[in-house]
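Chemist: Here is what each chain is made of, one letter per residue.
2 protein chains.
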Amino acid sequence: MSTATASPLTDPLAGDGSAETGLGAALSTALDGAHHRRRVAGRAAFPADGMLRDPALGLAEARVWTLRRLGEFVAAGFGQSIVPVERATPETQLQSLIDFETITYGDQSVAIKSGVQHGLFGGAIAGLGTAAQHERFLTDALQLRILGCFAMTERGHGSDVASLETTISYDADAGEFVVHSPHESSAKTYIGNAAADGHLATVFGQLIVDGVNQGVHCILVPLRDADGATLPGVTIGDNGHKGGLLGVDNGWIRFDHVRVPRDMLLDRFGSVRADGSYSSTIDNPNRRFFSMLGALVRGRICIGGGAAIAARVALSIATRYGERRTQFRHPHSDEESPLLDYLAHQRKLLPAIARAYALGFAQNELIDDYGRVSSDAAHDPRDQRALETLAAGLKALNTEFANATIQTCREACGGAGYMSENRLTQLRADTDVFATFEGDNTVLLQLVAKGVLTDYRDVWGGLDRLGLVQASARLVGGAVIERTGAGLLAERLVATARRKGDATAFYDRGWHAWMFEERERHSVDSLARRLRAADRDSFEQVNAMQD
Amino acid sequence: MSTATASPLTDPLAGDGSAETGLGAALSTALDGAHHRRRVAGRAAFPADGMLRDPALGLAEARVWTLRRLGEFVAAGFGQSIVPVERATPETQLQSLIDFETITYGDQSVAIKSGVQHGLFGGAIAGLGTAAQHERFLTDALQLRILGCFAMTERGHGSDVASLETTISYDADAGEFVVHSPHESSAKTYIGNAAADGHLATVFGQLIVDGVNQGVHCILVPLRDADGATLPGVTIGDNGHKGGLLGVDNGWIRFDHVRVPRDMLLDRFGSVRADGSYSSTIDNPNRRFFSMLGALVRGRICIGGGAAIAARVALSIATRYGERRTQFRHPHSDEESPLLDYLAHQRKLLPAIARAYALGFAQNELIDDYGRVSSDAAHDPRDQRALETLAAGLKALNTEFANATIQTCREACGGAGYMSENRLTQLRADTDVFATFEGDNTVLLQLVAKGVLTDYRDVWGGLDRLGLVQASARLVGGAVIERTGAGLLAERLVATARRKGDATAFYDRGWHAWMFEERERHSVDSLARRLRAADRDSFEQVNAMQD
Ligand SMILES: Cc1cc2nc3c(=O)[nH]c(=O)nc-3n(C[C@H](O)[C@H](O)[C@H](O)COP(=O)(O)OP(=O)(O)OC[C@H]3O[C@@H](n4cnc5c(N)ncnc54)[C@H](O)[C@@H]3O)c2cc1C
Ligand SMILES: Cc1cc2nc3c(=O)[nH]c(=O)nc-3n(C[C@H](O)[C@H](O)[C@H](O)COP(=O)(O)OP(=O)(O)OC[C@H]3O[C@@H](n4cnc5c(N)ncnc54)[C@H](O)[C@@H]3O)c2cc1C
Numbered sequence: 001m002s003t004a005t006a007s008p009l010t011d012p013l014a015g016d017g018s019a020e021t022g023l024g025a026a027l028s029t030a031l032d033g034a035h036h037r038r039r040v041a042g043r044a045a046f047p048a049d050g051m052l053r054d055p056a057l058g059l060a061e062a063r064v065w066t067l068r069r070l071g072e073f074v075a076a077g078f079g080q081s082i083v084p085v086e087r088a089t090p091e092t093q094l095q096s097l098i099d100f101e102t103i104t105y106g107d108q109s110v111a112i113k114s115g116v117q118h119g120l121f122g123g124a125i126a127g128l129g130t131a132a133q134h135e136r137f138l139t140d141a142l143q144l145r146i147l148g149c150f151a152m153t154e155r156g157h158g159s160d161v162a163s164l165e166t167t168i169s170y171d172a173d174a175g176e177f178v179v180h181s182p183h184e185s186s187a188k189t190y191i192g193n194a195a196a197d198g199h200l201a202t203v204f205g206q207l208i209v210d211g212v213n214q215g216v217h218c219i220l221v222p223l224r225d226a227d228g229a230t231l232p233g234v235t236i237g238d239n240g241h242k243g244g245l246l247g248v249d250n251g252w253i254r255f256d257h258v259r260v261p262r263d264m265l266l267d268r269f270g271s272v273r274a275d276g277s278y279s280s281t282i283d284n285p286n287r288r289f290f291s292m293l294g295a296l297v298r299g300r301i302c303i304g305g306g307a308a309i310a311a312r313v314a315l316s317i318a319t320r321y322g323e324r325r326t327q328f329r330h331p332h333s334d335e336e337s338p339l340l341d342y343l344a345h346q347r348k349l350l351p352a353i354a355r356a357y358a359l360g361f362a363q364n365e366l367i368d369d370y371g372r373v374s375s376d377a378a379h380d381p382r383d384q385r386a387l388e389t390l391a392a393g394l395k396a397l398n399t400e401f402a403n404a405t406i407q408t409c410r411e412a413c414g415g416a417g418y419m420s421e422n423r424l425t426q427l428r429a430d431t432d433v434f435a436t437f438e439g440d441n442t443v444l445l446q447l448v449a450k451g452v453l454t455d456y457r458d459v460w461g462g463l464d465r466l467g468l469v470q471a472s473a474r475l476v477g478g479a480v481i482e483r484t485g486a487g488l489l490a491e492r493l494v495a496t497a498r499r500k501g502d503a504t505a506f507y508d509r510g511w512h513a514w515m516f517e518e519r520e521r522h523s524v525d526s527l528a529r530r531l532r533a534a535d536r537d538s539f540e541q542v543n544a545m546q547d
Numbered sequence: 001m002s003t004a005t006a007s008p009l010t011d012p013l014a015g016d017g018s019a020e021t022g023l024g025a026a027l028s029t030a031l032d033g034a035h036h037r038r039r040v041a042g043r044a045a046f047p048a049d050g051m052l053r054d055p056a057l058g059l060a061e062a063r064v065w066t067l068r069r070l071g072e073f074v075a076a077g078f079g080q081s082i083v084p085v086e087r088a089t090p091e092t093q094l095q096s097l098i099d100f101e102t103i104t105y106g107d108q109s110v111a112i113k114s115g116v117q118h119g120l121f122g123g124a125i126a127g128l129g130t131a132a133q134h135e136r137f138l139t140d141a142l143q144l145r146i147l148g149c150f151a152m153t154e155r156g157h158g159s160d161v162a163s164l165e166t167t168i169s170y171d172a173d174a175g176e177f178v179v180h181s182p183h184e185s186s187a188k189t190y191i192g193n194a195a196a197d198g199h200l201a202t203v204f205g206q207l208i209v210d211g212v213n214q215g216v217h218c219i220l221v222p223l224r225d226a227d228g229a230t231l232p233g234v235t236i237g238d239n240g241h242k243g244g245l246l247g248v249d250n251g252w253i254r255f256d257h258v259r260v261p262r263d264m265l266l267d268r269f270g271s272v273r274a275d276g277s278y279s280s281t282i283d284n285p286n287r288r289f290f291s292m293l294g295a296l297v298r299g300r301i302c303i304g305g306g307a308a309i310a311a312r313v314a315l316s317i318a319t320r321y322g323e324r325r326t327q328f329r330h331p332h333s334d335e336e337s338p339l340l341d342y343l344a345h346q347r348k349l350l351p352a353i354a355r356a357y358a359l360g361f362a363q364n365e366l367i368d369d370y371g372r373v374s375s376d377a378a379h380d381p382r383d384q385r386a387l388e389t390l391a392a393g394l395k396a397l398n399t400e401f402a403n404a405t406i407q408t409c410r411e412a413c414g415g416a417g418y419m420s421e422n423r424l425t426q427l428r429a430d431t432d433v434f435a436t437f438e439g440d441n442t443v444l445l446q447l448v449a450k451g452v453l454t455d456y457r458d459v460w461g462g463l464d465r466l467g468l469v470q471a472s473a474r475l476v477g478g479a480v481i482e483r484t485g486a487g488l489l490a491e492r493l494v495a496t497a498r499r500k501g502d503a504t505a506f507y508d509r510g511w512h513a514w515m516f517e518e519r520e521r522h523s524v525d526s527l528a529r530r531l532r533a534a535d536r537d538s539f540e541q542v543n544a545m546q547d
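Chains as they are written, first to last, in our numbering: chain A, 1 to 547; chain B, 1 to 547.
Everything hinted at is true.
In silico DSBU-like cross-links for lysine-lysine, where the CA-CA straight-line distance does not exceed 35 Å:
(1) Lys450(A) / Lys348(B)
(2) Lys348(B) / Lys450(B)
(3) Lys450(B) / Lys348(A)
(4) Lys348(A) / Lys348(B)
(5) Lys450(A) / Lys348(A)
Worth flagging that the hints you see were computed from the coordinates, not collected in a lab.
Computed from a predicted structure; not experimentally measured.
With the sequences and hints as input, model every part of the structure.
Modeler: Right under this line is the structure:
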């Protein structure tokens, strides 16, 4: 199954540890950021080398292997930092993210299986449940005594979570909820842990109380009995072979009037009393919905961080290979040139390495923000929004970067890059879907735009403040408004460049940061103006902004 | 293994045939080009639907399935148009390319297995052998009575074929050749048909006659006996699991002083007489080497065409899905919006569709050129060079486009795009390596640059004709030369735009073509100037042009 002699790619990797001296060690410490020690401890406790799955394992074997590894991960003490809001500290919150990052150095199926079990299933209980529910379910979930699903996506609705079709209807006479999938399109699908292992699911659906739809809520629904047989009213199917993550058992679930007791509704944001009356601490249904989703932001942060790590692993493989692999004789010597001597090769890898560091540092800021905001019950709602915007944006950027970069690395290793034992194709296949789950990238970037515009409105007290610019701009239409904006930016740039000497400006990090901020300000300015100029109620015109 | 209910992606595909009316049919005919009938007949004789491999098949099963399908392909009369130069007509040459394109609509492992067996193994016999060898081996190869390998790449040398280490030494006393892999790095690797099925190989190595190295030649070497056991001196290993193309049994081969009779050397371009004297119709060893490689250009054309088809299949899947899949309610109606109503979604797919047509039309020109040039024994060497340059360039562009586009399509289908039954991840994994084999894309683009510069020198009678421009340019260095070039182009553009009214220019295809040519001329101009300005013997400076 494997080539008998060492592949040229595995040699450089074998030397991994020893190479980390001097500059390498310093860079690695810088990338670990404030949490260097925590990360070193994690990597030592769970070395990635023991975490590599034989890529030739079939679907069934890969699932068994993955579940066993997940058990070892938990036995080593990982994945236990998912705690309810009231017990959260910056430490617990950070640790939960770093645990996830630690395993993504190894097999991504194990990481995603933990993401489903600890982050999503455990996270929904911790983030959406109340004390009694934490008591009853959380430790069992984290310890893998109950394997569970996070059943949000339906066949008909993925990005548009608000339109889920599953109903959670309260039957006041019986004191029970009835969970139901009215149509074929209402079946939950792509749900991790559903096809084989899950016994309990956090199911999202429209909460109907006394005929009134209170919007999307989440309820715990048992799926299988102790022997693994599906319970009455529950139909489960296997999503089968996927483009990657073969170790995760994704499946679909359909509910036919499944009854669960009243205390199974995760009711931190909204609850139903025995008498059938609904109550919530958040009156506005829209705000309630977004608060629920906000409580789940950790998953998105993890996926972005995991993608960043996959990209760095790939870059490390390709760069070490590029240093050692030679091809074509140097014209004036008998030696062959290492690939990295070719500028075309440098151009493939070096800018990506620089970008990987930049994204890594940005991710470190994000996880610090998360630790701070999510452990502070009294946090400013604006901090929460900023956190969500940053998480959405960095998830999209990191995953897009990872997919492009791993592919570049694969090609930079030539034929060796295509051999599964050299990891690149596996990384590529597994990371692919990171662009889609925990929020499709396109939809996330729209979220970022909305978040940024909301801030803008807050600062400027409504877009109407732009009255003056608008008044003249409207006369000549969108394109000219844009040009005016660009003109303003150019003027500001020229003014600044004049104030600073060229030489200082080039090496001044503050100046670079300022220029970036300026660019952001300019983009938001012009987007806001275009939206204002357009009839904001018109789907066609808002849609036009996507172009 | 598969979802019990129809996936949203398979519905649109089921309606494939009926949708091809009106504009669709016209576009499809246009894309088929001059060979519409031939292609329709091919697709009818070998419908892609019956060609889809269960993605969950393991390595061993996938190989068995692929070999069986290859047998059906041959039984249906395909793959039989690989003929020796002397029997080639434009018809045979085109048919051999169209046969390959036909199967790439289905499973890529079958296509590549045929590519190895018919195109490479059969093609090497047809293109590098002489009449007696054609007689003895070609029909058996095409009919799958002998399964064979094309063993060029070695562990140490892939792109740099001229530096292969395998030796083919003539032993005049025995009247035999001795084929040997002197080092571990000399082992052939990634060789299709080697791990399981191949019985005979066309092996490339340095031909040593009477102590003199005559450069790379190709010899037939038996690998296995009738029972499939490797022959004495032959060691074969399995490359194992790959990033895709699981149905192709790639492996490595090492030769330990393996003896083969004198008549096994494929000696169209160079032969060894019984007395041990070497002779060739081409005196210059460098020209001889490139003539041999030129005789193998078909493979490169096939891979570009196969990638183009994979991209079109993906675009067809994603576009049909985008028309039917809805997500998010339209603000002013109760309907949800089809994905293709979002400009962001259009921007992902529509430019790629346009580009797919453009590349398809270019590929049609290329295959016509191939039919004409390769069937004309008396063709102008410049036509051959133009063909090779075009083949290299289009192979690189098509495969790069395919990889980027299939990924875009995968993401445009959201979670459904990641399910293997919907084909996109499989297409992506299989097509990935098209960027690497039959010539690594980066190296091919360097070939194109060299080809274009050689033409330039031919036309201008040596770069020295540029004396005047050079004289002034040298004073101020590379960057300024560039700017001057750009200035010239800009002037020409302005002059042309003035001559033509805006409105006419926009819709005038001749004008667009002229602009493209102008841009090409400008690029070559400046590259030639930069090379001339540099010390052309300096590796560092030529390397700098890659940046
Ligand atoms: C391997 C895997 C594991 C998963 N695990 C889970 C899980 O455990 N639990 C769970 O609940 N879900 C899970 N999911 C589902 C995942 O969260 C969804 O696939 C994701 O949210 C996208 O939804 P969708 O597939 O319906 O795509 P859609 O929402 O239909 O999107 C399809 C395409 O349309 C585009 N699009 C959509 N809306 C717009 C718009 N307004 N403007 C422009 N473009 C738009 C998107 O960019 C995308 O390209 C998983 C999915 C996969 C593939
Ligand atoms: C699935 C598969 C099937 C194959 N089947 C066959 C087969 O049947 N028969 C056969 O003979 N071979 C086969 N090959 C081998 C294939 O042809 C080689 O992999 C290919 O030629 C590239 O060679 P390499 O892998 O040695 O990469 P290298 O040549 O080492 O290239 C590695 C990287 O270095 C870069 N590079 C190299 N030189 C330069 C330069 N001068 N300037 C800038 N960059 C450079 C390349 O762009 C590439 O990114 C197969 C390969 C695969 C993966």
